[in-house]
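S.K.: Given the sequences, and given the hints that come with them, work out the whole structure.
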Amino acid sequence: MKITISREDFNRIYEHALSVRPEEACGLIAGEDRESGIRVIEKVYILTNTDHTNEHFTIDPKEQLTAIKDMRANGLKPLGNWHSHPESPSRPSEEDKKLANDSKASYLILSLMEEGNPVLNAFHIESHGDEKTVRKEELLII
Amino acid sequence: MKITVSGEKKEVSDGITISTLIEQEQVETPQYVTVSVNEEFIDQDDFDSHVLKDGDEVEFLYFMGGGR
Numbered sequence: 000m001k002i003t004i005s006r007e008d009f010n011r012i013y014e015h016a017l018s019v020r021p022e023e024a025c026g027l028i029a030g031e032d033r034e035s036g037i038r039v040i041e042k043v044y045i046l047t048n049t050d051h052t053n054e055h056f057t058i059d060p061k062e063q064l065t066a067i068k069d070m071r072a073n074g075l076k077p078l079g080n081w082h083s084h085p086e087s088p089s090r091p092s093e094e095d096k097k098l099a100n101d102s103k104a105s106y107l108i109l110s111l112m113e114e115g116n117p118v119l120n121a122f123h124i125e126s127h128g129d130e131k132t133v134r135k136e137e138l139l140i141i
Numbered sequence: 000m001k002i003t004v005s006g007e008k009k010e011v012s013d014g015i016t017i018s019t020l021i022e023q024e025q026v027e028t029p030q031y032v033t034v035s036v037n038e039e040f041i042d043q044d045d046f047d048s049h050v051l052k053d054g055d056e057v058e059f060l061y062f063m064g065g066g067r
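If you're matching them up, the sequences are chains A and B in order.
Numbering that gives the first Met the number 0 applies: residue 0 is where the first sequence begins, and numbers increase by one.
Numbering that gives the first Met the number 0 applies: residue 0 is where the second sequence begins, and numbers increase by one.
Read the hints as simulated data drawn from the structure, not as lab findings.
Here a beta-carbon is modelled for each residue, glycine too, at the ideal position from N, C-alpha and C.
Watch out, some of these pointers could steer you wrong.
Said to hold, decoys possible - Here are the in silico distance ranges between beta carbons for each label pair: (1) E94/A x M0/B: 39 to 47 Å; (2) Q25/B x P88/A: 29 to 37 Å; (3) Q23/B x M112/A: 40 to 48 Å; (4) S12/B x N10/A: 45 to 53 Å; (5) Y31/B x R134/A: 15 to 23 Å; (6) Q25/B x M0/A: 18 to 26 Å; (7) E7/A x S18/B: 38 to 46 Å.
M.R.: This is how it looks when you write it as structure tokens:
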């Protein structure tokens, strides 16, 4: 799947992720799936990581609920989530895979590992029994 | 009675519990689902005993987390 995010939204999550480093930053993405097969992120939600560590993230469920209602009110579809890896590459960790339970979601991971060179990738994670398969999506920053 | 589930109005049986609603709605991986009723979060231990009322607004939220 091809997925797009605006440069402005990319900058927002990058700047937020830098501001809370070394903690992991996180949030949700919303938008629409177009008939052309392109998934368009139209809104990014910056939410609280209730774990407040550099090793884990948990999205605050109260903020998640508020975001879901905002998506509904604005006709946006929940598309998945994003989080930062302050010190590791932009790929799903074993824990990321274990806790990815929505096969329709896109999981965006922003690596801050290399100073001044943020790397954002999107992944599709699917369950097959206890096994998870990961597929990288084509992410365009436009 | 009528309740709202994830923004959609639905007709359900009187006395329905959260656990039964989870089954009826075929919620995937329910062990990772947080449930709110009228914006109050319900403890998973209470899913079997929490009886929904007419007009309740129910939301199913997937736990979203991970690690490096």
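S.K.: Now, for every hint given, state plainly whether the structure supports it.
M.R.: Checked hints:
For the pair E94/A and M0/B, the supplied restraint of 39 to 47 Å holds, since their beta-carbon distance comes to about 41 Å. For Q25/B and P88/A, the hinted distance range of 29 to 37 Å is satisfied, since their beta carbons lie about 36 Å from each other. At roughly 45 Å, the beta-carbon separation of Q23/B and M112/A lies within the given 40 to 48 Å, and the hint holds. With their beta carbons about 50 Å apart, S12/B and N10/A fall inside the hinted range of 45 to 53 Å.
Judged by the Cβ atoms, the range 15 to 23 Å given for Y31/B and R134/A holds: they are separated by roughly 21 Å. Range check, Q25/B to M0/A: about 24 Å between beta-carbon atoms, so the 18 to 26 Å window is met. Our hint of 38 to 46 Å for E7/A and S18/B holds, since their Cβ atoms are close to 43 Å apart.
In the structure shown, no violation is registered for any of the earlier numbered hints.
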